[in-house]
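Combine both chains into one complex, guided by the hints.
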Amino acid sequence: MSLKGLKMKKARFELEIDSKVENLPVIAKFVDEVLGRFGADTASVYRVQLAVDEACTNVIKYAYGEKTGLIRLEMELIGDNLVVTVNDKGRPFDPDSIPLPDLAADLEKRRIGGLGVYFMKRLMDEVSYSFDSVAGNRLTMRKGITRTGR
Amino acid sequence: MEVSERTAGGVKVIALGGRLDAYAANDIERKLDSLVASEKVRLVVDLGQLDYISSSGLRVLLGALKKAREQQGDIVLSGLQPYVKEIFEISGFTQLFKMFDKTEEAIISYQQEK
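As they're listed, the protein sequences go chains A and B.
Residue numbering for the first sequence follows numbering that gives the first Met the number 0, starting at 0 and increasing by one per position.
Residue numbering for the second sequence follows numbering that gives the first Met the number 0, starting at 0 and increasing by one per position.
Heads up, a few of these hints could be off.
Straight-line Cα separation of at most 20 Å, SDA-like style, residue types lysine to any residue; simulated pairs [to be verified]:
1) B:K84 <-> A:K60
2) B:K97 <-> B:M0
3) B:K30 <-> B:A14
4) A:K28 <-> B:V83
5) A:K60 <-> A:L106
6) B:K84 <-> A:K88
7) A:K60 <-> B:R29
8) A:K142 <-> B:K65
9) A:K60 <-> B:I27
10) A:K28 <-> A:R146
11) B:K11 <-> B:E28
12) A:K142 <-> A:R109
13) A:K19 <-> B:R58
14) B:K65 <-> B:E38
15) B:K97 <-> A:K28
Everything labelled a hint here was simulated from the structure, so no lab data went into it.
Isolated chain B (complex conformation) (with noise of 0.2 Å):
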């Protein structure tokens, strides 16, 4: 799967592209773990070219937000496609994590709890 990261006005900002199954999760899982590791940790993952997620990718998503929040940290997701969406609705996810349409309102989200 496609992962890009970047740094905006403080927040740190991973894109995740394609299929988020048991395959690629463990990959993905390394890679948020380091990025939660750090103290008060402000995360957007971006999901907008995310075409697919099992529960392994819900797993990891889970995971991940459990350790950021243990650090006083969060994530928040952005621009879920439809049949995405869909999963994290009937898993319940929607009232675990924060979501926004687009990744710029999830970064301004973070500016305005300062």
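Isolated chain A, as found in the complex (with noise of 0.2 Å):
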């Protein structure tokens, strides 16, 4: 695939998958895949692939909990940016509801929670989310990606 075709169409590619976390290491490769055929560049896809695996870790763990269900991950390339779009049928769970980490907190007060998310806007340009009684979650990433000369 030439990046000429690309830049005439839109690219665009989704998984479905089952929310496990043994299902992780199958998205980051989806996710590897077709960064490769973006053409981004490996710094690009290894950020790219931390976002989009926490989210998909918050889906899992949070939005269907003890119960599994579908994860829709769509992938799309609009002229330089990536759209990442994670959907689930999951309980609600907005991001911007979890405080952020104190990354300047010594062993004894440092927390684990919030770095999840941190690193989805930390990595991301821009993070947003919606939920829909129909549609369930809907948290969509975007990120001007840099192209190797492949």
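Here is the structure:
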């Protein structure tokens, strides 16, 4: 696939997968393959993989909890912007409801919560969330990506 | 993920390879908990072959460090790859853990404490 071809039309990929932690490596591989097709550089691949991994981990652990449901992951390249959408039909989980971690705390006071959401916000350019009683949770993340010359 | 253990001059070394995500985290948590359960443990976690870490992996390492310190022990890290190191940096974890480029340096750091 050539970059020229990609530029002429929007490129979009989708993955539907059960909300199980053992599927996280499968999700990572999907992100890697799609970003490879989009020609993204290694640093972008790593950062997007982490943001998507954290988003899906939250869906698995908090939105669905003990239950298993479907996660639908959409990845789209619009110009030089990657738009990733994570959809699920679990309980509402608004990342903005999670307090950001105190990164400067010493060991005694350091709490681990909130790092996943912090990574999503830090590594992507934009993170937005919506909930609809029919469509469920919808997390959208955008990132301008640097492309390699391949 | 790949895990291997050894002891070098009274220092325990556990090497983690592959991906430390929420899937791998529970097994690694159990492993580290058993290692830090003993008093005054001197543990090196060799991350030279670790390609990836998420917040779930950081949580496990932080929990183990707290437990080790409670028992007057310690955990130091070695060999972090650039992207893994970046995640430690943006999380403020570089202030919590002592880190060395090479595992041998980490082992020697314990031996010099004697």
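Now the hints, each set against the structure:
The hinted pair formed by K84 (chain B) and K60 (chain A) fails the criterion: a straight-line CA distance of about 26 Å is larger than 20 Å. Only pairs whose Cα atoms come within 20 Å are accepted, and K97 (chain B) paired with M0 (chain B) is rejected, the gap being roughly 23 Å. A hinted pair counts as satisfied when its Cα atoms are at most 20 Å apart, and K30 (chain B) with A14 (chain B) qualifies at roughly 11 Å. A threshold of 20 Å between alpha carbons decides the hint, and for K28 (chain A) with V83 (chain B) the separation of about 18 Å falls inside it, so the pair holds.
With a CA separation close to 25 Å, the supplied pair K60 (chain A) and L106 (chain A) exceeds the 20 Å bound. Of the pairs offered as hints, the one joining K84 (chain B) and K88 (chain A) is violated, with about 35 Å between alpha carbons and a cut-off of 20 Å exceeded. Taking the CA atoms of K60 (chain A) and R29 (chain B), the gap is about 19 Å. The hint holds against a cut of 20 Å. For a cut-off of 20 Å, the pair hint linking K142 (chain A) to K65 (chain B) is broken: about 35 Å separates their Cα positions.
For the suggested pair K60 (chain A) and I27 (chain B), the alpha carbons sit about 18 Å apart, so the restraint of at most 20 Å is met. A distance of roughly 19 Å separates the Cα atoms of K28 (chain A) and R146 (chain A); the hinted pair therefore holds under the 20 Å criterion. Only pairs whose Cα atoms come within 20 Å are accepted, and K11 (chain B) paired with E28 (chain B) is accepted, the gap being roughly 16 Å. Distance restraint check for K142 (chain A) and R109 (chain A): the Cα-Cα separation of roughly 29 Å exceeds the 20 Å cut-off, and the hinted pair is therefore not satisfied.
Pair hint K19 (chain A) plus R58 (chain B) holds up; C-alpha atoms about 19 Å apart against a cutoff of 20 Å. Pair hint K65 (chain B) plus E38 (chain B) holds up; C-alpha atoms about 13 Å apart against a cutoff of 20 Å. Distance restraint check for K97 (chain B) and K28 (chain A): the Cα-Cα separation of roughly 32 Å exceeds the 20 Å cut-off, and the hinted pair is therefore not satisfied.
Hints 1, 2, 5, 6, 8, 12, 15 from the earlier list are contradicted by this structure; the remaining hints agree with it.
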